[in-house]
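J.: These are the residues of each chain, in order.
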Amino acid sequence: MKFQLQHPVFLRNVSFNYGNGLLLRDVNLLVDYGEAVAIMGRSGAGKTTLLKIISGLLKPTGGYVEVFGCPMSFGCVKHIRRRIAYIPQNLALIESETALYNVLLARAPNKPLRFITSLWSRSDVEEALGVLKAVGLGDKAKTKVEKLSGGEKQRVAIARAIFQRADVLLADEPVSSLDFDTAEAIVDMLISLKSKGITIIAVMHDRELAFKYFDKIYVLENGVLK
Amino acid sequence: MRILLSTFITLLIFSYLLDVANPLLWTKLGTNAALFLSELRIEWGVMNDALFAVYETLVISLFGVSGGVLLAYLLAPLASPLIMPPAAAAAFRTLANFVRSVPAVVWAIFFVILAGPGPRAGALALVIYTSIYLIKFFYETLEAVDRELYNSLKVMGLSGLPLAFALYTHAKRHIVTQILFMLEYNVRTATILGLVGAGGVGYYIAHYLSLLNYSAVMTFVIATLALVITIDLVSYAVRRII
Chain A
128 MKFQLQHPVF LRNVSFNYGN GLLLRDVNLL VDYGEAVAIM GRSGAGKTTL LKIISGLLKP
188 TGGYVEVFGC PMSFGCVKHI RRRIAYIPQN LALIESETAL YNVLLARAPN KPLRFITSLW
248 SRSDVEEALG VLKAVGLGDK AKTKVEKLSG GEKQRVAIAR AIFQRADVLL ADEPVSSLDF
308 DTAEAIVDML ISLKSKGITI IAVMHDRELA FKYFDKIYVL ENGVLK
Chain B
7 MRILLSTFIT LLIFSYLLDV ANPLLWTKLG TNAALFLSEL RIEWGVMNDA LFAVYETLVI
67 SLFGVSGGVL LAYLLAPLAS PLIMPPAAAA AFRTLANFVR SVPAVVWAIF FVILAGPGPR
127 AGALALVIYT SIYLIKFFYE TLEAVDRELY NSLKVMGLSG LPLAFALYTH AKRHIVTQIL
187 FMLEYNVRTA TILGLVGAGG VGYYIAHYLS LLNYSAVMTF VIATLALVIT IDLVSYAVRR
247 II
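Line by line, the protein sequences give chains A and B.
Numbering follows the numbering used here, in which position 15 of the first sequence is assigned residue number 142; successive positions increment by one, without gaps.
Numbering follows the numbering used here, in which position 19 of the second sequence is assigned residue number 25; successive positions increment by one, without gaps.
Treat the hints as calculated values from the structure; they're not laboratory data.
Every residue, glycine too, gets a C-beta built ideally from N, C-alpha and C.
Please note: incorrect hints may appear among the correct ones.
Distance windows between CB atoms, simulated [to be verified]:
no. : chain 1 : residue 1 : chain 2 : residue 2 : range
1   : B       : Ala94     : A       : Lys271    : 29 to 37 Å
2   : A       : Ser276    : B       : Ser12     : 54 to 62 Å
3   : A       : Ala261    : B       : Pro87     : 36 to 44 Å
4   : A       : Gly148    : B       : Ile19     : 50 to 58 Å
5   : A       : Asp308    : B       : Ala96     : 47 to 55 Å
6   : B       : Val65     : A       : Val252    : 37 to 45 Å
7   : A       : Asn147    : B       : Tyr242    : 44 to 52 Å
8   : A       : Val252    : B       : Leu76     : 56 to 64 Å
9   : A       : Asn147    : B       : Ser12     : 40 to 48 Å
10  : A       : Gly171    : B       : Val65     : 24 to 32 Å
11  : B       : Phe58     : A       : Asn237    : 50 to 58 Å
12  : A       : Lys205    : B       : Leu57     : 34 to 42 Å
13  : A       : Ala261    : B       : Leu76     : 53 to 61 Å
Calculated from the model, a selection of chain A residues having no Cβ within reach of chain B, i.e. all distances over 10 Å [unchecked claim]:
no. : residue
14  : Gly265
15  : Gly277
16  : Leu305
Computed list of lysine-lysine pairs in DSBU-like fashion (alpha-carbon distance at most 35 Å, straight line) [unchecked claim]:
no. : chain 1 : residue 1 : chain 2 : residue 2
17  : A       : Lys260    : B       : Lys178
18  : A       : Lys238    : B       : Lys160
19  : B       : Lys178    : A       : Lys205
20  : A       : Lys274    : B       : Lys160
21  : B       : Lys142    : A       : Lys269
22  : A       : Lys269    : B       : Lys34
23  : B       : Lys178    : A       : Lys271
24  : B       : Lys142    : A       : Lys274
25  : A       : Lys186    : A       : Lys205
26  : B       : Lys178    : A       : Lys274
27  : B       : Lys160    : A       : Lys321
28  : A       : Lys269    : B       : Lys160
29  : B       : Lys34     : A       : Lys271
30  : B       : Lys142    : A       : Lys205
31  : A       : Lys186    : B       : Lys178
32  : A       : Lys339    : B       : Lys142
33  : A       : Lys323    : B       : Lys160
Only chain B is shown next, with the shape it has when bound in the complex (with noise of 0.2 Å):
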């Protein structure tokens, strides 16, 4: 109770600060809602641009995917201290949550400015961003995995590379999923990149917006739902067989 009543409070405060609880703003928000609504439908004519659009932000996410996993898979053994030395892994990590901080919409904004607009620093920075997510989940899992099979390992005389990797095979349900949820994450995410001029279908929301081409959007909007949900379904069906 003392939980609900202190976020209402909250809540209070803070409607009060962004100035929500104008009634001016709500009658603007339902006119404009039905002039939204009104322009709802798709229209056909950019269907082939949102088709591409949306091929494009599935090869953006694949690559993202692709580079990440094999930057992290060589890059996480270092930040385990079963692996590293403690002190060395705590040092790796501490970078690691550094570069993690930074949003991927931040690495979209460096690498366009780096490699000019367009897919490909979408594709670079969610290289970046995937790689740095996958090296605390992975450096999780193997420091999740047996101790009696680590231990076992290690007498075998098993250190470094070879040690992680065997370690990686034992968790490797766990791994994969972890991949595809940065598979599905990434889908999302290459949408947005789009807005500030990463390629992919973000791009095309963010053109037609200001050209208050709502129609158009909403074509877009719906093409990407469809491939979410494509790649949901895939993940799903590969949890299952794995």
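If we strip away everything but chain A, and leave its shape as in the complex, we get (with noise of 0.2 Å):
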């Protein structure tokens, strides 16, 4: 199934109920392609809830969702989970296995096979460990993740995504376990991902960094989007 990209997010009248009341009301969202969005907020504004809506992890309770152009009340969520990489405040890496082998997962739903088997071809393998060289990760391709500093490990989620050719890049707060120094280093090289076409959607904390480095800067407050 093919559809038109105008943009690879967009959002009208988005509202999340929790139960115990409204969390986002009326969200509006038009993300273009290779733009760098950061969403601001206070603890508990519902970013995360945002972030899992765009991905397809949580329905909204109104309003309507497109990625990619394909409206995700259309069962388009099979269709569009490929193109979109998520990480999540932890990471989720497969600790007890190695920076290359997170890198490979990313592959796996097009190569199942290969994964189950863990016989990966060779230009699989070469192009996972250039995107480790890439994202400063050569000499650490083969040490298990659980032993990785923490800019490390955000640095083999970078390269997960980028391995697995994602259009969209949903983080959650990437850098807030970070000292500021390491937190740059990572936030820069998560905009340089925008040289590939690569659209950016973070959860940001540290307005310093967001204000320099992002395209567009939302702060969601009481459940509106501004």
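Join these two chains into a complex; the hints should help.
T.: As structure tokens, then:
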């Protein structure tokens, strides 16, 4: 199923109710290809929920969501999933495995048999190693993720998103637990993905980094995106 | 205090029903225990048989675990609502729960009837018994995996068996611990299965018990204990490594 790709992400009057109140109210969002968008707001404002709605993990209680030109209510979730990379706060890496394994994991949906048997083609492995090298982890490819630092783990998560060839990268507080210099290096790396045509939507807490690096900044307040 | 009192009253009632409080029983127990203890010694003449029986028990257990792990690895995702539609997962769980209620010794009798007496029947019985237990352990492990990892993999487009394998990899330390537990458990179970003709140490113990040859029984029991302790030590060492 192919759709005309006007905008990678389009939300109109989206609302979300958690049961004890309205978390998101009439949220409108239009993101262009290659754009970097920061979403800010207090803890519990609904920023993660918004990312989960865009990724198809949560269904909004009201409104319209369109990703890559395909309405989510139209059963598009399966079609859009391989094109979105989602990096949650805890990074969701398989810590007991190597950085290389975690990057190769991104190709598992396309090559399930190779993933299950761990018999990756030489070209896949070389490409994954190249991506790890590009994010500065060329010498850590065979290191288990649990032995990497916080910043290095972030780089593995970004490398996985690049290797996935995702068009949209959703990152939930990607630098919240890092010192300023490391955080800036990671944000710089995230933003550099724009040159590959990747759209970045990130939940950010650091105003300085957000204003310095992102094209657009939205603030979620009382369920409304401003 | 109430729990202790109610347990004591229950014990009294069942002692009466089972006639356990009968003084004649205790006299008989004492006499037979003295006779049994006087017979207790290792009978070196059956040691070769004992070592072979222990080896056979070990092979049955390892086969049971290997086959059981393979089946459970592939089937456990069917019972997980993270992988399957919730209704299908619930139906498979119900079926697995039903099969799990069948004791290992019943599976052994079943396979003795189908395959004839001997270690093959015990090995096949243990494959079924192990797999059905590991299915429960594995699907519980899948569900305990960090939800954000699951979400991230799902968004990436992973589903079905590849998704289950990625989650297994994440939980591999837990999975290995469960497999080692089943290996220890199987060695003990395989000992019992011999009593119904499914091979291993139990077969010989039942044979020598029927002949009232307690010293031979003791030899087999000691050989079994040595195997169980060895397996426990190896499991402990493997757990420390992973």
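J.: Does each hint hold? Answer for all of them.
T.: Hints and how they fare:
1. Under the hint 29 to 37 Å, the C-beta atoms of alanine 94/B and lysine 271/A, about 35 Å apart, fit the expected range.
2. The hinted range of 54 to 62 Å is satisfied by serine 276/A and serine 12/B, whose Cβ atoms lie roughly 57 Å apart.
3. Between alanine 261/A and proline 87/B the beta carbon distance is about 38 Å. The supplied range of 36 to 44 Å therefore holds.
4. Checked against the hint of 50 to 58 Å, the pair glycine 148/A and isoleucine 19/B passes, with Cβ atoms roughly 56 Å apart.
5. A hinted range of 47 to 55 Å holds for the C-beta pair aspartate 308/A and alanine 96/B, which are about 51 Å apart.
6. Range check, valine 65/B to valine 252/A: Cβ separation about 38 Å, and the 37 to 45 Å hint holds.
7. Look at asparagine 147/A against tyrosine 242/B: about 48 Å separates their beta carbons, and that is inside 44 to 52 Å.
8. About 27 Å separates the C-beta atoms of valine 252/A and leucine 76/B, a value inconsistent with the hinted range of 56 to 64 Å.
9. Range check, asparagine 147/A to serine 12/B: about 43 Å between beta-carbon atoms, so the 40 to 48 Å window is met.
10. Roughly 58 Å separates the CB atoms of glycine 171/A and valine 65/B, a value that falls outside the hinted 24 to 32 Å.
11. Checked against the given bound of 50 to 58 Å, the beta carbons of phenylalanine 58/B and asparagine 237/A, roughly 52 Å apart, stay inside it.
12. Evaluation of the 34 to 42 Å hint for lysine 205/A and leucine 57/B yields a failure: the beta carbon distance comes to about 58 Å.
13. Take alanine 261/A and leucine 76/B: their Cβ atoms lie about 39 Å apart, and the range 53 to 61 Å is violated.
14. Chain B leaves glycine 265/A outside its interface by the beta-carbon criterion, the shortest separation being 23 Å against a cut-off of 10 Å.
15. Separation of glycine 277/A from chain B is adequate, the least Cβ-Cβ distance of about 16 Å exceeding the 10 Å criterion.
16. For leucine 305/A, the shortest C-beta to C-beta distance to chain B comes to about 18 Å, beyond the 10 Å cut-off, and the non-interface label holds.
17. Simply put, lysine 260/A and lysine 178/B have alpha-carbon atoms about 28 Å apart, close enough for the 35 Å limit, and the pair holds.
18. As the CA atoms of lysine 238/A and lysine 160/B are separated by approximately 15 Å, the hinted pair is consistent with the 35 Å bound.
19. For a cut-off of 35 Å, the pair hint linking lysine 178/B to lysine 205/A stands: about 28 Å separates their Cα positions.
20. Only pairs whose Cα atoms come within 35 Å are accepted, and lysine 274/A paired with lysine 160/B is accepted, the gap being roughly 25 Å.
21. Taken as a hint, the lysine 142/B and lysine 269/A pair is honoured in the structure, with Cα atoms around 33 Å apart against an allowance of 35 Å.
22. Using a Cα cut-off of 35 Å, the hinted pair lysine 269/A and lysine 34/B is violated, with the two alpha carbons roughly 68 Å apart.
23. Of the pairs offered as hints, the one joining lysine 178/B and lysine 271/A holds, with about 14 Å between alpha carbons and a cut-off of 35 Å not exceeded.
24. A distance of roughly 31 Å separates the Cα atoms of lysine 142/B and lysine 274/A; the hinted pair therefore holds under the 35 Å criterion.
25. This hinted pair checks out: lysine 186/A and lysine 205/A have alpha carbons roughly 14 Å apart, not beyond 35 Å.
26. With a CA separation close to 17 Å, the supplied pair lysine 178/B and lysine 274/A stays within the 35 Å bound.
27. Distance restraint check for lysine 160/B and lysine 321/A: the Cα-Cα separation of roughly 24 Å lies within the 35 Å cut-off, and the hinted pair is therefore satisfied.
28. A distance of roughly 25 Å separates the Cα atoms of lysine 269/A and lysine 160/B; the hinted pair therefore holds under the 35 Å criterion.
29. At most 35 Å may separate the alpha-carbon atoms for a hinted pair to count; lysine 34/B and lysine 271/A exceed this at roughly 64 Å.
30. Distance restraint check for lysine 142/B and lysine 205/A: the Cα-Cα separation of roughly 29 Å lies within the 35 Å cut-off, and the hinted pair is therefore satisfied.
31. Between lysine 186/A and lysine 178/B, the direct Cα distance comes to roughly 32 Å. Compliance with the 35 Å bound is thereby established for this hinted pair.
32. Note on lysine 339/A and lysine 142/B: the hinted pairing is violated, with a Cα-Cα distance of about 51 Å set against a maximum of 35 Å.
33. Taking the CA atoms of lysine 323/A and lysine 160/B, the gap is near 23 Å; set against the 35 Å cutoff, the hint holds.
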